[in-house]
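Put together the whole structure using the sequences plus the hints.
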Amino acid sequence: METASPPIEIMKDIKWASVAGIGGFLLLCLFAVFTPGGPGAGTHGVVFAAAGLLLLCFPPSYRGSRTVIILGALLLALSALAFLPVGIFGKADWRVEMEGLGLELGSLFTAHPAQSLELLLGLGISVLVATYLLGHRVSIAATNTIALAFVVGVGGYALLSILAQENNWRFAWDDVPTLGLFPNRNHTATLVVMGALCGLGVLQYSIVSRRWLFAVLAAVSIGICTWTILGISVSRAGPILLAAGFVAWLLGLGRRHLSHRVVVSVLVLGGLAVLLFVASDSEVKSRFQKTIEKLESDEAGIGTGLEAGRQVAEADSSFDFRVMIHRDALAMIADEPWIGVGQGMFRYVFPQYRNHSANNKLALHPESDWLFVAAESGIVAALVLFAGVLYLFVYAFRRGRKRSGWALRLSCLLAATVVPVHGLFDVPGHRVGLAYSALLLLALGTRKSRKDPSLGWAGRLAFQVAGALVLMFGFHLIRSEWLGGVPSANARAEVVAEEIRELYSQDVDEQAKIAAGQPPNAGSPKKGEDKLELALALAEEGIKAAPLDPELHYLRGVIALYFDDKEDVVERSFAIQRQLDPTWVKLPLRQAKGWLPIDRDRTLALWADAMRRSAKLTQRSGGGERQSALVWVGILAQCKGDPALYGRTLDLVDRSDTEALQVWIQRASPALCLAHLPRILSTESLGAIERGKLIELWKKSGNAVDAEEFLAEHPDLLIEPKSPTGGQ
1 METASPPIEI
11 MKDIKWASVA
21 GIGGFLLLCL
31 FAVFTPGGPG
41 AGTHGVVFAA
51 AGLLLLCFPP
61 SYRGSRTVII
71 LGALLLALSA
81 LAFLPVGIFG
91 KADWRVEMEG
101 LGLELGSLFT
111 AHPAQSLELL
121 LGLGISVLVA
131 TYLLGHRVSI
141 AATNTIALAF
151 VVGVGGYALL
161 SILAQENNWR
171 FAWDDVPTLG
181 LFPNRNHTAT
191 LVVMGALCGL
201 GVLQYSIVSR
211 RWLFAVLAAV
221 SIGICTWTIL
231 GISVSRAGPI
241 LLAAGFVAWL
251 LGLGRRHLSH
261 RVVVSVLVLG
271 GLAVLLFVAS
281 DSEVKSRFQK
291 TIEKLESDEA
301 GIGTGLEAGR
311 QVAEADSSFD
321 FRVMIHRDAL
331 AMIADEPWIG
341 VGQGMFRYVF
351 PQYRNHSANN
361 KLALHPESDW
371 LFVAAESGIV
381 AALVLFAGVL
391 YLFVYAFRRG
401 RKRSGWALRL
411 SCLLAATVVP
421 VHGLFDVPGH
431 RVGLAYSALL
441 LLALGTRKSR
451 KDPSLGWAGR
461 LAFQVAGALV
471 LMFGFHLIRS
481 EWLGGVPSAN
491 ARAEVVAEEI
501 RELYSQDVDE
511 QAKIAAGQPP
521 NAGSPKKGED
531 KLELALALAE
541 EGIKAAPLDP
551 ELHYLRGVIA
561 LYFDDKEDVV
571 ERSFAIQRQL
581 DPTWVKLPLR
591 QAKGWLPIDR
601 DRTLALWADA
611 MRRSAKLTQR
621 SGGGERQSAL
631 VWVGILAQCK
641 GDPALYGRTL
651 DLVDRSDTEA
661 LQVWIQRASP
671 ALCLAHLPRI
681 LSTESLGAIE
691 RGKLIELWKK
701 SGNAVDAEEF
711 LAEHPDLLIE
721 PKSPTGGQ
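In terms of our numbering, the sequence shown has 339 at position 339, counting the first letter as 1, and numbering is strictly consecutive.
Hints were generated in silico from the structure; no laboratory data involved.
Fair warning: there could be bad hints in the mix.
What the hints assert, rightly or not - No farther apart than 20 Å at their CA atoms in a straight line, the calculated lysine-lysine pairs in the PhoX-like style are these:
#1 Lys586 with Lys616
#2 Lys566 with Lys544
#3 Lys566 with Lys593
As the list claims (entries may be wrong) - Each pair of labels, with its calculated beta carbon distance range:
#4 Arg327 with Ala387: 23 to 29 Å
#5 Arg327 with Trp482: 37 to 43 Å
#6 Val486 with Ile514: 32 to 38 Å
#7 Arg612 with Glu533: 31 to 37 Å
#8 Ala637 with Ala244: 48 to 54 Å
#9 Leu362 with Ala244: 38 to 44 Å
#10 Ala615 with Asp568: 27 to 33 Å
#11 Leu718 with Asp568: 36 to 42 Å
#12 Pro337 with Val220: 47 to 53 Å
#13 Ala637 with Ala615: 16 to 22 Å
#14 Leu27 with Ala77: 28 to 34 Å
Computed from a prediction, not measured in an experiment: that's the story for all the values here.
Even for Gly, the Cβ is constructed at its ideal location relative to N, Cα and C.
Structure follows, in structure tokens:
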């Protein structure tokens, strides 16, 4: 009777196919972590195309856990609920307000269906990749080799990051001046910690198996990663994650998997790391000390009333407003708890909930992977994702803890754990390079058994078909970025905005040539073609696809200013933009610049809005004081050359705001000072000392004679009134 086991030749093919599949995926991960700042559609397209090719050429040999498959399918189904009709649970207040301004948001929970669908496909590919990797089986020796390649690759990344920082190197895909190639310094720390923790297991296995070259490479890479985390990086998450992972690895091993040589090697590395951190004068150490000092001050109850509030604001600021953003994100989640706002919609909807975290920076995410998922896909989806992650790690731990090679597998698992753990306070899981690296390490850390059911030819064919589809999707993104194809849905709004700016620039250039008596560019404009009309039509088209993009509404309003019959379009576009971005202080100034030569009343109203926004930031102690000064200077600069309008700006500031009045006097002409200062100086909100300062500045900035005559006519203005008790 024939056995059910395949021939030896086929088993060999399967083993090497798994090595090729996982090894190829390692190269894919390294590409993703070395190019995280590249064009979004293009780099993701390369990653997806490579993943599809691996699925097509090297399908898995074993069927993954049914629990993982069910949870993954459930996550996708819950994330797809954003395509349900929005009226099921009623409409959020912000949505009603937007529609009241005439903005059409469609009938679905997600206001940008094409963008959400594209991101949902990316999530589906990630679930497919996880199932694919868990279906492969490689020997412990091959696991060590692949893990070593990852560790060396991360060590090379860390070394390149240090050299780039020391020598001011800049790469085309890294335009943000932080350590590493990720735009976020914490994500570089996440990756380097993953490399260091994974290296511990590689070092242990290499020493036990007497692979001394592997051991040396692992030790050197661990050293580079540790030095990067403790001596170079300014991320506080790095040292915490590294120390926690190191302790967890030692505790998880037990005596069975620790030889004398391994213990000595690991303790030496750990001791050197601690000594390095204590002895170094690194910026991350300084940040830790400042954080501890502030926490101790808060515990001691220093400060009361307004002073205490100021201390809390400063402490939150030192944590990059994470706590404040979390609070606002929770309020947003509470408004749409079951379905969320749709994939990719956080950045557009979150401004409606910014209260504690309000500042002039655009919040692209809620500083937490888990809150990110809950906000865009709902609380249930976040819980399903958590259940899936927890199940995978518990499953892998229980399968491998009593087997040979456990030290290596445990290090891979702990390195993979860094992403979801750090995801509590940041968004490393939304970086494809980090997320896929975690999936790779999770697969390496999960021991396979000969009792695992074979996938069968039908299952392998299903993976190959899926791989072909993923490959096509990857090529679609590559074509959209570099080969002249239709822009991807998530890049469309930005592309349209750039096309509008280009048409506007061309029109300005042509009008300038016509005014100078020069012929316009050959063939431009074409017969019946007007660049501004094209730009306006393009803006309308872009808004239909991405109605919550504030920049498109601004550009539509700016272009409509050039048409005599479209003031209502301008008014509506600008009103929608202000509602979409209700905290950015400089936004009304941008709009006021357009209205300035057309309508003074609208201009003044926008200036007043800018002043109100800056005042709110001042109350929140988020840097608003400086913003108020910058806004005031910006207003005065815009109305330079219009004396009547310059005088009316005094109605925008409080009469007791002497700093603002001083700036006004310094920039005003003598005639304006004479016309307006007597009224200002006579107000009761100013004391004698403040009046004296303003009069002295008047003397220096304008006609001293006018100031002296005014003072001679009103000598009592510089005398403080006596109190009822007779004192001054």
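Verification of the hints:
In summary, the hint linking Lys586 to Lys616 is supported, as the alpha carbons are separated by about 13 Å, within the 20 Å threshold. At most 20 Å may separate the alpha-carbon atoms for a hinted pair to count; Lys566 and Lys544 meet this at roughly 19 Å. Our distance criterion of 20 Å between C-alpha atoms is met by Lys566 and Lys593, whose separation comes to about 17 Å. Look at Arg327 against Ala387: about 25 Å separates their beta carbons, and that is inside 23 to 29 Å.
Roughly 41 Å separates the CB atoms of Arg327 and Trp482, a value that falls within the hinted 37 to 43 Å. Taken as a hint, the range 32 to 38 Å holds for the pair Val486 and Ile514, whose Cβ atoms sit roughly 34 Å apart. The hinted window of 31 to 37 Å between Arg612 and Glu533 holds, with their beta carbons roughly 35 Å apart. In this structure the hint that Ala637 and Ala244 lie 48 to 54 Å apart at CB holds, the actual value being about 52 Å.
The given range of 38 to 44 Å is broken by Leu362 and Ala244, whose C-beta atoms sit roughly 32 Å from each other. As the Cβ distance of Ala615 to Asp568 is approximately 30 Å, the hint placing it in 27 to 33 Å holds. In this structure, Leu718 and Asp568 break the distance hint of 36 to 42 Å, their C-beta atoms being roughly 52 Å apart. Hint check: Pro337 to Val220, Cβ distance near 49 Å, so the stated range 47 to 53 Å holds.
Taking 16 to 22 Å as the suggested C-beta distance range, the pair Ala637 and Ala615 conforms, at roughly 20 Å. As the Cβ distance of Leu27 to Ala77 is approximately 32 Å, the hint placing it in 28 to 34 Å holds.
The structure fails to meet hints 9 and 11 from the earlier list, while all remaining hints are met.
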